[in-house]
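Novice: Based on the sequences and whatever the hints tell you, model everything.
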Amino acid sequence: MNEEIKERIKGIIGSENFSDALIDRVSYSKDSSEHKHRPDAAAWPLNTGHVSEILKLANRYYFPVVARGAGTSLAGLAVPQQGGLILDMCRMDKIIDINIEDRLAVVQPGVVYADLDRALTPKGFFFPPDPASGAVCTLGGNVATNAGGIKGAKYGTTKDYVQALEVVLSDGRIIRTGSKCMKSSSGYDLTKLFVGSEGTLGVVTEITLKINPKPPLVSTALATFENLRDAGHAVSQIMHSGILPSALEVVDHQSITAIRENTSLNLPDVEVLLVAETDGYTTAETDYQMEKIVAVFRKNNATTVTKADSQEEAEALWQARKSVYGVFAKINNNLAVEDLAVPMSKVSEMMIAISTIAEKYDLKMPTVGHVGDGNLHPTICFDGTNKTEVERVNAATAELFRKVVELGGTITGEHGIGLAKIPYMDWEHEKQSIEVMRSLKETLDPKNILNPGKMGL
Amino acid sequence: MENKYNFANKYRDQLLRCSSCGSCRAVCPVFGISKRPAYNARGKMLILKEVMEGTVELNDELIETLFQCTTCANCAANCPSGINPPEIIKLARKDMVNIGSCHPAFKGMNEVLKKSTNIYAEDEAEDFGREKKTNAEYVYFVGCVGMYREDEATAAALELLDRLEVDYTLIDEVCCSGVLEDVGYSLNDDLASTNVKRIRDTGAKKVITGCPYCARTFNNKTQYEELNKHGIQVLHISQFLKKFDLGVKTKKRVTYHDPCDLGRHCGIYEEPRETIRKIASNFVEMRHHHANSLCCGAGGGVRGAFAKNSITMARKRLEEAEEIGAEVVLTECNSCVHNLGNAKFRAQKFRIYTTTEFLNQLMDSAG
Chain A
1 MNEEIKERIK GIIGSENFSD ALIDRVSYSK DSSEHKHRPD AAAWPLNTGH
51 VSEILKLANR YYFPVVARGA GTSLAGLAVP QQGGLILDMC RMDKIIDINI
101 EDRLAVVQPG VVYADLDRAL TPKGFFFPPD PASGAVCTLG GNVATNAGGI
151 KGAKYGTTKD YVQALEVVLS DGRIIRTGSK CMKSSSGYDL TKLFVGSEGT
201 LGVVTEITLK INPKPPLVST ALATFENLRD AGHAVSQIMH SGILPSALEV
251 VDHQSITAIR ENTSLNLPDV EVLLVAETDG YTTAETDYQM EKIVAVFRKN
301 NATTVTKADS QEEAEALWQA RKSVYGVFAK INNNLAVEDL AVPMSKVSEM
351 MIAISTIAEK YDLKMPTVGH VGDGNLHPTI CFDGTNKTEV ERVNAATAEL
401 FRKVVELGGT ITGEHGIGLA KIPYMDWEHE KQSIEVMRSL KETLDPKNIL
451 NPGKMGL
Chain B
1001 MENKYNFANK YRDQLLRCSS CGSCRAVCPV FGISKRPAYN ARGKMLILKE
1051 VMEGTVELND ELIETLFQCT TCANCAANCP SGINPPEIIK LARKDMVNIG
1101 SCHPAFKGMN EVLKKSTNIY AEDEAEDFGR EKKTNAEYVY FVGCVGMYRE
1151 DEATAAALEL LDRLEVDYTL IDEVCCSGVL EDVGYSLNDD LASTNVKRIR
1201 DTGAKKVITG CPYCARTFNN KTQYEELNKH GIQVLHISQF LKKFDLGVKT
1251 KKRVTYHDPC DLGRHCGIYE EPRETIRKIA SNFVEMRHHH ANSLCCGAGG
1301 GVRGAFAKNS ITMARKRLEE AEEIGAEVVL TECNSCVHNL GNAKFRAQKF
1351 RIYTTTEFLN QLMDSAG
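Listed in order, the protein sequences are those of chains A and B.
Heads up, the first sequence is in the working numbering, so the first residue is 1 and it goes up one at a time.
Heads up, the second sequence is in the working numbering, so the first residue is 1001 and it goes up one at a time.
No lab work stands behind these hints, which were simulated from the structure alone.
Just so it is clear, CB atoms sit at the ideal spot from N, CA and C, and this is done for glycine as well.
It is possible that part of the hints are untrue.
[As the list claims (entries may be wrong)] Derived lysine-lysine pairs resembling DSS-like cross-links, with alpha carbons at most 25 Å apart: (1) K6/A x K1035/B; (2) K330/A x K1090/B; (3) K1206/B x K330/A; (4) K1205/B x K1249/B; (5) K1010/B x K330/A; (6) K94/A x K1344/B; (7) K1049/B x K36/A; (8) K1308/B x K1349/B.
[Said to hold, decoys possible] Label pairs and their calculated CB-CB ranges: (9) G1231/B x K123/A: 55 to 61 Å; (10) E1285/B x S264/A: 25 to 31 Å; (11) D1189/B x T257/A: 44 to 50 Å; (12) R260/A x E1057/B: 29 to 35 Å; (13) E1285/B x S241/A: 53 to 59 Å; (14) F1345/B x E312/A: 38 to 44 Å; (15) S186/A x E1285/B: 54 to 60 Å; (16) N394/A x E1225/B: 50 to 56 Å; (17) D362/A x N1059/B: 41 to 47 Å; (18) P423/A x D1189/B: 55 to 61 Å; (19) E1285/B x E101/A: 29 to 35 Å.
Specialist: Given below as structure tokens:
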């Protein structure tokens, strides 16, 4: 990026909102994945007009523009692989409107998930897809990734809540997609096209979200199992019970061992544990649902089932599941938090495969996941300075995703493709589908300016 | 292989272990006001990792970020990987000073403490109208901010000790110089030995400090080990006060700001609250409190070197006091009182005090 372009960007947004300093280029070179590349410069737009003018400039001078939220991507979505300009959306961080009657929240993309939650809570509402990085991640990033979370089984993911978007296209045109209505069959669903597009089709500058009333009560239970197959059967049979748990999480044996070795939590040394939560408006309602789930646990040979009788007890049951990232992050220097999803009926088969692959490649691969929607996170804890171990990690990861595709699963449930999953794109998607994706990219970004090099397109 | 920088040799494992998850973004006060990722711990760790690997030079270009950290340790408290960024940054600052790269304000602070007894280079120490005793049960150690900038708060603290009939003396104290460790230099041995000698000369077996940073320095730095060896215990005044029945009450809506030096750095959260709850029935916590408390923005030399940002951080903290409708904001650190006081808008009706000053006022009113 030459000086003339830099001066023009400064002319658009002011020199206080632009930097090509080394400290910024290095700090924008990485997200939470293992990928890394420095941008040439960074800009902090303050409004849609800024974004539009910068993209017009990029279109004229052919430089890559990578929109970025909090940079918590675990798949390299926010890494400027071909340099260019980082468009840090974090200073566009206003909650524009919360309209309970219309059941909508309108936000700028830099609003942090937790800040929206804090604004909605007193009104008795919430935005259900709650990523683990909720204290940090931005809603723009959630839209770009189609982020999920712990409540996916019952409440879905980000795409289920994005009603409308304001998007700046690669040539600087500003469009509005979708509708503020709860129903709309009007035209192609451009909103859904941009959700999960990883900043490759446009830059989102305003988001209209559907919000939900928040059920105030929950019931929580934890079950332990002696083998994965029983736990897997329990997960798939819960669906037969007609109950949709608000959360259903799994913690596998490697994770349990890591937690036992590294924390003071007094976990039993079991093969696998499941934590289930049901929500509702009365205790009778939440308990009724939970009793059905507990019955399924018992029928599938759960060795223990513990029900929480108070909020404190519920928090204690959740502690093991919620402590895992901190435990895994301390196991070794590097952490590859993998993300895959399989049909619910294949959960136990996938978990057995993960365990077998970890053993075959002699890797620490503790696994947790949102089994209520078939979404698993095998987390490989390795030493990135050890070349042979890195080779084993790569081989194991490939084998993992071969198995996912074989089981009819998807190579990412909620983290996106970014750079990390490019090698597996054509394992999941047939050639014709990828060609359609490419043609969409070419239509909306003919000069390949927006987050180039991502998704293998 | 030995790295040419001490921070890289000592903290290589921690730097490699930073997974760049970005959890520190949510709590870093400098990032909170700037939204510039180069300022938060993840940004700093990425930069230092590259310095360690030799792809970035340690030079003046890095002053802007590496010297702009309040060392509040909120990042360390929230780091899933268990790394301690402020300690890494402090050692990197020393490496920078060793190669002649330093923020001029920090260099100036070191120069001042070579010649002066205090960080402000003031000539006349306040004596608060009290004679120095040669024999007392306690030494009350004021600290630079309490001596030269928040002297009213100190006068009130001393009046309170008088009311409680505490047998204490002041000494001709000099700066504990702990702050030099934060800004790229080392604690000043001469100043430390002067303090140790003057404390010991009083025969006191306990030191009460008005400043949490001084208490931290006395308790943790080798230059002050002699105090411990001679059975001299060092307490912050909040620890000392909790045993008293104060006999005064307020109906005002009171909140408490945890100073980083007392809270995250010393683990002292409950003692100040015990005292405040005794006197204030309408005590309310701010949104961030205890280990999650927001920094006032003054620490780590940031107030001196990046004054504007320091005040903006304090304003952000005060927004939380406003949010809960506090009438009184109490804290246990003169430096916090000073920075928060400077940041307060006239339209903000709450008052900011040290707990001791507020207690003394209540006692004044009670007659």
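Novice: Are the hints correct? Go through all of them and say.
Specialist: To see whether the hints hold, each was checked on the structure:
1. K6/A x K1035/B: Holds - the C-alpha atoms of K1035/B and K6/A are around 21 Å apart, at most 25 Å.
2. K330/A x K1090/B: Holds. K330/A to K1090/B sits at ~22 Å (cutoff 25 Å).
3. K1206/B x K330/A: Between K1206/B and K330/A the Cα gap is close to 40 Å, so the pair fails against 25 Å, i.e. violated.
4. K1205/B x K1249/B: The given pair, whose Cα atoms are some 32 Å apart, is violated under the 25 Å limit.
5. K1010/B x K330/A: 18 Å, holds
6. K94/A x K1344/B: 24 Å, holds
7. K1049/B x K36/A: The hint holds at about 13 Å.
8. K1308/B x K1349/B: 22 Å, holds
9. G1231/B x K123/A: 55 to 61 Å: At 59 Å between Cβs, range holds.
10. E1285/B x S264/A: 25 to 31 Å: 26 Å, holds
11. D1189/B x T257/A: 44 to 50 Å: 49 Å, holds
12. R260/A x E1057/B: 29 to 35 Å: 44 Å Cβ-Cβ, so the 29 to 35 Å window is violated.
13. E1285/B x S241/A: 53 to 59 Å: For S241/A against E1285/B, whose Cβ atoms are near 42 Å apart, the range 53 to 59 Å is violated.
14. F1345/B x E312/A: 38 to 44 Å: Once the Cβ atoms are compared, 40 Å apart, the range 38 to 44 Å for E312/A and F1345/B holds.
15. S186/A x E1285/B: 54 to 60 Å: 48 Å, violated
16. N394/A x E1225/B: 50 to 56 Å: 51 Å, holds
17. D362/A x N1059/B: 41 to 47 Å: At 43 Å between Cβs, range holds.
18. P423/A x D1189/B: 55 to 61 Å: The hint (55 to 61 Å, Cβ to Cβ) holds, given that P423/A and D1189/B are roughly 59 Å apart.
19. E1285/B x E101/A: 29 to 35 Å: 33 Å, holds
Hints 3, 4, 12, 13, 15, counting from the list given before, are not met by this structure.
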